[in-house]
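Those protein sequences? They're chains A and B, same order as listed.
So for the first sequence, UniProt numbering puts the first residue at 1; every next one is plus one.
So for the second sequence, UniProt numbering puts the first residue at 1; every next one is plus one.
Simulated from the structure, these hints should not be mistaken for laboratory data.
Among the hints, a few may not be true.
Heads up, simulated SDA-like pairs for lysine to any residue below, C-alpha to C-alpha not over 20 Å straight-line [said to hold, decoys possible]:
1. K676/A x F707/A
2. K563/B x S496/B
3. K446/B x P516/A
4. K446/B x Q540/A
Number of protein chains: 2
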Amino acid sequence: MSEIAPAEPWIVREVGAPVEEDGELLQGESIFALANGHVGLRGNLEEPHLGGMPGTFLNSLFEERDLQYPEEGYGFPERTQTIVNGPNGKRISLAVDGESFDLRTGEVRRHERVLDLRAGTLTREVEWVSPSGVALWLRTERLVSFVRPSVAAMRYSVRAEAELRIESDLVVDEELPSPREDDPRASAIFQDPFEPVSHDDDQLVCRTRRSNISVAAAVTHTGAEGTISSSPELIRWTTTGRGEITFEKFLAYHWPASDQAVTDRDVAARDGFDTLAAEQREYLDDFWAGADVEVDGDPDIQQAVRFGLFHVLQAGAQAGPHPIPAKGLTGNGYDGHTLWDTETYVLRMLTYTHPGCVGPALKWRHSTLGHARDRARELGLQGAAFPWRTISGPECSGYWPAGTAALHVNADIADAVLRYHAATGDDEFMREAGHELLTETANLWKSVAYTDDEGVAHIAGVTGPDEYTALMDDNIYTNLMAQQNLAAVGVELPLSLPYSERRRVHEQAAGFTRLPEWTFTDHDYPLMLSHHYLNLYRKQVVKQADLVLAMMTRSDAFTPDEKRRNFEYYEARTVRDSSLSAPIQAVLAAELGHLQLAHDYLAEAALLDLRGGGESGGDGLHIAACAGAWIALVMGFGGLRDHDGELSFGPRLPPGLQRLAFHLHWRGASLCVTVKRDSVTYTSDGEVTFRHEGKEVRVRAGEELTFAIDPVDDIPAPPSPRPPRRHTVSS
Amino acid sequence: MSEIAPAEPWIVREVGAPVEEDGELLQGESIFALANGHVGLRGNLEEPHLGGMPGTFLNSLFEERDLQYPEEGYGFPERTQTIVNGPNGKRISLAVDGESFDLRTGEVRRHERVLDLRAGTLTREVEWVSPSGVALWLRTERLVSFVRPSVAAMRYSVRAEAELRIESDLVVDEELPSPREDDPRASAIFQDPFEPVSHDDDQLVCRTRRSNISVAAAVTHTGAEGTISSSPELIRWTTTGRGEITFEKFLAYHWPASDQAVTDRDVAARDGFDTLAAEQREYLDDFWAGADVEVDGDPDIQQAVRFGLFHVLQAGAQAGPHPIPAKGLTGNGYDGHTLWDTETYVLRMLTYTHPGCVGPALKWRHSTLGHARDRARELGLQGAAFPWRTISGPECSGYWPAGTAALHVNADIADAVLRYHAATGDDEFMREAGHELLTETANLWKSVAYTDDEGVAHIAGVTGPDEYTALMDDNIYTNLMAQQNLAAVGVELPLSLPYSERRRVHEQAAGFTRLPEWTFTDHDYPLMLSHHYLNLYRKQVVKQADLVLAMMTRSDAFTPDEKRRNFEYYEARTVRDSSLSAPIQAVLAAELGHLQLAHDYLAEAALLDLRGGGESGGDGLHIAACAGAWIALVMGFGGLRDHDGELSFGPRLPPGLQRLAFHLHWRGASLCVTVKRDSVTYTSDGEVTFRHEGKEVRVRAGEELTFAIDPVDDIPAPPSPRPPRRHTVSS
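Construct the entire structure; sequences and hints are all you get.
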């Protein structure tokens, strides 16, 4: 049994040996995954055969498979893409006096894993006694280099008064467990995706069978003598000794395959693990200096927001020409697909915390414009229709009413472009990709929107963020985001925003407030696993923030009174069956003065994977929820809003927090916002103009601008069918 | 090359040898299919290996297969049912002087097939010269007995100055061609559905592998001496001779398997082919006496409506405890499934032409109530939710927005119950099944309908008959039919009927008239094969009569002026990509005085399979369109309406017809309506009360009631994107 230890500010610590039975092994593999956006190593234990889900994820290394439909339809994707488990260099077997090191046997005296968020390393320490009584001490260290995209490295030290035998592998097509077939959200798993191309003692070259992507995986060991054997699917380095063995292992991956893998490996091996670790820390020091969020008064949240920042960085840092998947490179959930989460959650955070990787992420979208244009034609539309799910660009979504019909993804991409440009002033990006993304998504909306007999413009028959409501007219989120998208290319088109005069609230989509109410007797969430879409779609039941999201992203489009009434109305109908929901609800709750509720939603988002009990993140972390913790803090309690390319703040702390400080990149400067119970202080290393509580202010380098915050009473949460767990601050 | 000869009143004649290349072989197999609702023999030629699609369909003999979804959803059917090709007793091989009789070789001097609609037989005559010059004369006759549900019989006569060798087979699991994979409407085909159970010289017993339905197929031959061999999958009777051979062949099927197959076969063989043929004619004489439709002035329509009546009878006569599939027993289209067509089209016609088989058909629905109740629960509803597609009761539809969401099927079933009871007074049926069907479907609507803030009742998020519009609120057809369903159990619930004040038309569903218009530049019908549902659903484009159907079935709910404006509006937006559409458009066109248009729509429906050019009916006839020809004539030009359990007529002939006469069963009497250009005459063999042009009248046995018809000018057709082909009367 293992558990995540009480929160430490910069450390995530697991104590005890993870065992496979209750999901903690899988969850730990996700939590302790290391990645740099290009290469990802799931937190698998070194020794094989302890269950779990092996994962070496090379961004966009996917295989294709055909999709089967009971009833075909025109434009239904014929095939999909699924991320595959690449050549695994993490596997190291150990035997002491002929007995395999295996946590399920013998006695585990100590087992600890530490993810160091400043060092960017995963360290494991084990004290174990073999069944025949040999005491063993083991320490492993691992990193995936932020600085050298192709490189991962390990250091392995073992000590025992016994004969030691170590087999350190690079293995292709290792056996994987079967997928869970009962859950529609489960991913396909390819058991045998590669065919061998070549092998020697330095590298294995293999190729995916159908998508035809070649991979070169190079490996070497230093610090101990060993013998090497190689076969098409395995390079094995074997060393033996007595007493103590320490060695370092260096991996480098290139896909498509190139000799650069061996070169990168050689350079890394020459420099050594300590050098790589020093570079790693330097990179992270720089990151944290401009991105850290300090939370005084709530150690769990403090740890969780840094954990989230770290994992979002790991997902995006070197994603480079490839996309940022919904699970980063921490698991094969969602088949490794990228969804709208990336632009709406992940890039929102990265724009202010690590803008250098946002341009490449949006350029990846731009690189898929050909697919998006083709798809638009296929849908009878103009411009670009980006996919709901994809790895390399084509639509991979197999259920179109809650996929392809969610055209808002196109406005979300445009929104991310506008935000990135406003925050960085990166005009070159705009020339290369940004303007065309804005133009082509705007062209989509021009062809989707139409004007009715009364001269009112509409968007009919699309699906908004809420996946429990589909194919409706005038989804407000979609309309407002499309309107912004169009405005960015100079087209002013006021689209209909449905409003119920009787209920005095906006309608998520036309007619929504007239639908039958859901009967909330059921606590068997998520509802989609026990209720037919026909039932869900016909009712006023909301999977995730939709209109509430619109009130955050287009805060300017609603009066405070409208926001209050809308929030209350939709709180009573939202079940949060998506991890995308809580962060947004936190933001609006904070804005409307429901400060404890905001704190609770923040905690739900922030602690989902880290302290979720091993349930949800086994197939990869919820990267958008990781970004969501930041969103809840910075946009919720920091009150950051950024529509129209302007920064504004309206900070206010919940009862449980003493202080919140966060850093934002803004046009080359680093702005630090420190919120206390009664004041907020802005400092910067360059000139930044923004609004504080609606009033334009400017802070110059070295200046310190402080404003008082009026104390307010927390407003109790409005009724909800599924209120968040009350978050209590651990002492 | 073969073609259907010019129309004859009671005969469908094909001249020339059908060849496989251009679909005429498949089409002919459907046209010349014989069935009694229980057993169906596709019109395959006797000799094997000439392509085509072998078909021996035993009602509800199906196999199951799993359905695969790219993204699973709760309540998506896990498996479906597909009709299989049963043991084939039609196959007879012939060799003359050692050369196989094969139409693709030698010389075909004469080839003719005749379907006799009064005799209920299919006769084939061939004069053929073998490659080596032997002249051969062949005549085969075939029937599937209306009187003996399990029995089919053949008579085979051949003459040639040569050595003749005949192998007459009963074969299980013969090889079938591959399905067309490019069309979403294509069916699955099981290549090898049976496992053998037992065999002897009298019968083969086999069983479907997964659905586990056993079949006993018995065969015998009389009139010539032969030798029999049998194996698990084949009974072969071989006879040889010189000059002339004539024999009769008798088949009987029971499933689940029972010894009754051999008994039925023995009785049939003892009685002989001529006796069976005499019984057949007697049965049909009786049918035609009460069901015939005479059309003077249009031989093609005259032939076609009788062809339609005959095939609907063949689909329904002995369907008995099983359903009536959309293709009858003429092909494997739609996997052999039953859809709403049965109640809305087929039973509508049969209620007035052959009511004896309507009670059993509705009792079949009743027998599936368990499935329908379970399905309702699964959908979060009460009462019964009957499946969109099924063979034995469970939902088999794999695309729910245009399947399960079309809840109107439940009101259609209730409508058929009400019609049948009104027409027959069959109270025992109501006690056994009818009342419960009405109650349980009404319970469904009670749980679906809801009342909004303004006190208006609605049905949200369902799909009406038009499959190019889905998941809308307040589909008028659904609402009006549900309202009638509820009224039948004493619940008066006025449901919202959306109306556009600006366009002065009813909306097919709420908001429909505000949707973007379709751009009709495309003539690549059906649109669904080249346009995504997302595109179709968002536009004002209608696959098939929907609101127009409501104006027929609930004629009482619209004023004449509303009907006129509605018809014009929807004519401009309806593409008739379903064969269910034209008959209904014919009815409303006739009512509104577009008499030539009505005639054109009638012709489209009536001639679809018979003279459709071998395109559409290869996988089975459109049985609903067969009934549709009757509907277009009797409800269109006869003006029959029957809501509220009352018969009414408003007859009016189109320019091209001189006289229309039809018979209707009504509460034990046979009412004959004879429409001429200037008058209508009602006669009956019993007392019948009805309305003529709105006025209640009564005709007694032997009376002749004649009314003048005011001459009217044909009103030109309103604009349509896809007008029907102008029908010209052949001389």
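Evaluation of the provided hints:
1. K676/A x F707/A: Holds, because 10 Å separates the two Cα atoms, which is no more than 20 Å.
2. K563/B x S496/B: Roughly 18 Å between the alpha carbons, so the hint for K563/B and S496/B holds.
3. K446/B x P516/A: holds (13 Å)
4. K446/B x Q540/A: Status holds; Cα separation ~18 Å.
The earlier numbered hints are all upheld by this structure, with none contradicted.
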